[in-house]
Amino acid sequence: MPVCRFFRYPIDFDSLLEAGAMMGSGGMVVMDEDTCMVDVARYFIDFTQKESCGKCTFCRIGTYHLLKILDRLTQGEGEEKDLELLESLSEDIKKGSLCGLGKTAPNPVLTSFKYFRDEYEAHVKEKRCPALMCRPIIAYYFDLELCARGCDACATCCPVDAVFTTRNRKKGVDQKLCVKCGECLVACPPEYDAVRKISPPGLVPVVERASEKEE
Amino acid sequence: MVALLVNDREIEAKNGTNVLQACLDNDIYIPHLCYLESLDLPSASCRMCFVEIAGEDKPATSCTTLVRDHMVIKTDTPAVRRLQRTALRLLLSVHRVDCKNCYAHKRCELQNIAKFLKVGLKSKPLNRYLKDTDIDEDHPFLNYYPNRCVLCGKCLHVCRNQHGQSVLTFANRGFNTVMSLYAAAEAPSPSCEDCARCVDICPVGALALKVNQEASIHHPTEK
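These protein sequences, in sequence, are chains X and W.
In this text, residue positions in the first sequence follow my numbering: the first is 172, and each later residue adds one.
In this text, residue positions in the second sequence follow my numbering: the first is 127, and each later residue adds one.
To be clear, the hints were calculated from the coordinates, so they are not data collected in a lab.
Be aware that one or more of the hints could be misleading.
What the hints assert, rightly or not - With a Cα cut of at most 20 Å, we get these calculated SDA-like pairs of lysine to any residue: (1) X:Lys-285 to X:Leu-188; (2) X:Lys-274 to W:Thr-191; (3) W:Lys-244 to X:Ser-259; (4) W:Lys-250 to X:Leu-256; (5) X:Lys-221 to W:Asn-298; (6) W:Lys-250 to X:Asp-242; (7) X:Lys-274 to W:Phe-301; (8) X:Lys-239 to W:Asn-273; (9) X:Lys-266 to W:Glu-182; (10) X:Lys-239 to W:Tyr-255; (11) W:Lys-232 to W:Pro-204; (12) X:Lys-239 to W:Pro-204; (13) X:Lys-239 to W:Lys-250; (14) X:Lys-274 to W:Gly-300; (15) X:Lys-221 to W:Asn-302; (16) W:Lys-184 to X:Asp-253; (17) X:Lys-347 to X:Ser-382; (18) X:Lys-285 to X:Asp-203; (19) W:Lys-248 to X:Asp-253; (20) X:Lys-274 to W:Asn-287; (21) X:Lys-274 to W:Thr-190; (22) X:Lys-265 to W:Asn-273; (23) W:Lys-250 to X:Thr-275; (24) W:Lys-250 to X:Leu-254; (25) X:Lys-266 to W:Ala-180; (26) W:Lys-250 to X:Arg-243; (27) X:Lys-252 to W:Tyr-255; (28) X:Lys-298 to X:Leu-254; (29) X:Lys-239 to W:Gly-300; (30) X:Lys-239 to W:Leu-256; (31) X:Lys-265 to W:Ile-179; (32) X:Lys-274 to W:Arg-211; (33) X:Lys-298 to X:Leu-374; (34) X:Lys-274 to W:Ser-169; (35) W:Lys-241 to W:Val-330; (36) W:Lys-184 to X:Thr-275; (37) W:Lys-184 to X:Gly-271; (38) X:Lys-266 to W:Ser-169; (39) W:Lys-184 to X:Lys-239; (40) X:Lys-266 to W:Thr-190.
Whenever a hint applies, use it, and build me the whole structure from the sequences.
Next up, the structure:
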């Protein structure tokens, strides 16, 4: 649920249900713009899909389809018809399932779809993750204005040796090698804070390597 | 006896019967896969027999709804049909549609329901996800086809009714649920070969006697 719309909203069973959420065990998770709503929906469906006992058709097969669609979206392989299918299938699973698990399983999809439709559409139409969270459709690079000459913090922690040195001893990312683990982002000293993420990955600036002679 | 109105037609039913049985007894067809009259409590797992009951906000499964006097029921509203079609498409999305090589061809309940609901046998727009094993041949007399099974559980119930204990059981869970057959040592006597009630009750041809198998399918000439 978006905070801007539900600021000062009462937290009780009926109000939450009306807003498209539920009380559950009474926990509340606050997320900011760095959390991808499509990925959050995928996470919840992954959980309910695993918890499904397998007795009734809608929950057994329906949640599996939801998961597969959300997998595709977060990998940048979604199509426009997937969004329609996601919505109509979710509604049917909700109405058609035998027990409470299946009846509530599609809620995260329906609610996030209702309030954050733009994020879903960005994943499908632009193959872009606005929260810069879905690994297959983001890329890492170093802001050369901020990157410190001669600093090796990112290069030493990169598990796949994707960081290279440029002609003026700054750093670049070999996009073919990079596995998008985010270790460089953690390692980059806060006084430089030079690691950036971008989506879709095609927008990543081209950084030239120092030629071998110079290295 | 109670009187109820189904699709604007008045029918009578005994107190304590469910709506599905009452309709079927009066030649009003409602698609269903898992319903067995001999079962005290319907399993309600196929999610096919939806009807709309006046006064209720969404379709309900008719096998779990008992008849009441003056009940008003519709079996063919858009909401009902939408759920039935989705349920059927979901089942077809995990079904090996290879009717020509299936012994249940032309008497298959999935084919019948698809025809009734005017749904193609392609699972569109859903992708098809099939299991790796097409045939489980571990049992001495029976073959089981996981990619044909709709998990209605009728085989399990007829076997239990007949022998007090079932040779068949649900195995695994969630999306990976299948029927599993106990090996020969635990099979009831007389042997499965002489009983075959599970094969007869199967709505889709997911179970077959090994002896009949070689005779009835594998017609390489028929193509």
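Here's how the hints hold up against the structure:
| no. | hint | verdict |
| --- | --- | --- |
| 1 | X:Lys-285 to X:Leu-188 | holds (14 Å) |
| 2 | X:Lys-274 to W:Thr-191 | holds (18 Å) |
| 3 | W:Lys-244 to X:Ser-259 | holds (19 Å) |
| 4 | W:Lys-250 to X:Leu-256 | holds (10 Å) |
| 5 | X:Lys-221 to W:Asn-298 | holds (12 Å) |
| 6 | W:Lys-250 to X:Asp-242 | holds (19 Å) |
| 7 | X:Lys-274 to W:Phe-301 | holds (17 Å) |
| 8 | X:Lys-239 to W:Asn-273 | holds (19 Å) |
| 9 | X:Lys-266 to W:Glu-182 | holds (13 Å) |
| 10 | X:Lys-239 to W:Tyr-255 | holds (10 Å) |
| 11 | W:Lys-232 to W:Pro-204 | violated (27 Å) |
| 12 | X:Lys-239 to W:Pro-204 | violated (27 Å) |
| 13 | X:Lys-239 to W:Lys-250 | holds (15 Å) |
| 14 | X:Lys-274 to W:Gly-300 | holds (15 Å) |
| 15 | X:Lys-221 to W:Asn-302 | holds (10 Å) |
| 16 | W:Lys-184 to X:Asp-253 | violated (25 Å) |
| 17 | X:Lys-347 to X:Ser-382 | holds (18 Å) |
| 18 | X:Lys-285 to X:Asp-203 | holds (17 Å) |
| 19 | W:Lys-248 to X:Asp-253 | holds (17 Å) |
| 20 | X:Lys-274 to W:Asn-287 | violated (32 Å) |
| 21 | X:Lys-274 to W:Thr-190 | holds (17 Å) |
| 22 | X:Lys-265 to W:Asn-273 | violated (25 Å) |
| 23 | W:Lys-250 to X:Thr-275 | violated (25 Å) |
| 24 | W:Lys-250 to X:Leu-254 | holds (15 Å) |
| 25 | X:Lys-266 to W:Ala-180 | holds (17 Å) |
| 26 | W:Lys-250 to X:Arg-243 | holds (17 Å) |
| 27 | X:Lys-252 to W:Tyr-255 | holds (18 Å) |
| 28 | X:Lys-298 to X:Leu-254 | holds (14 Å) |
| 29 | X:Lys-239 to W:Gly-300 | holds (15 Å) |
| 30 | X:Lys-239 to W:Leu-256 | holds (14 Å) |
| 31 | X:Lys-265 to W:Ile-179 | holds (18 Å) |
| 32 | X:Lys-274 to W:Arg-211 | holds (18 Å) |
| 33 | X:Lys-298 to X:Leu-374 | holds (11 Å) |
| 34 | X:Lys-274 to W:Ser-169 | holds (17 Å) |
| 35 | W:Lys-241 to W:Val-330 | holds (14 Å) |
| 36 | W:Lys-184 to X:Thr-275 | holds (15 Å) |
| 37 | W:Lys-184 to X:Gly-271 | holds (15 Å) |
| 38 | X:Lys-266 to W:Ser-169 | holds (17 Å) |
| 39 | W:Lys-184 to X:Lys-239 | violated (27 Å) |
| 40 | X:Lys-266 to W:Thr-190 | holds (15 Å) |
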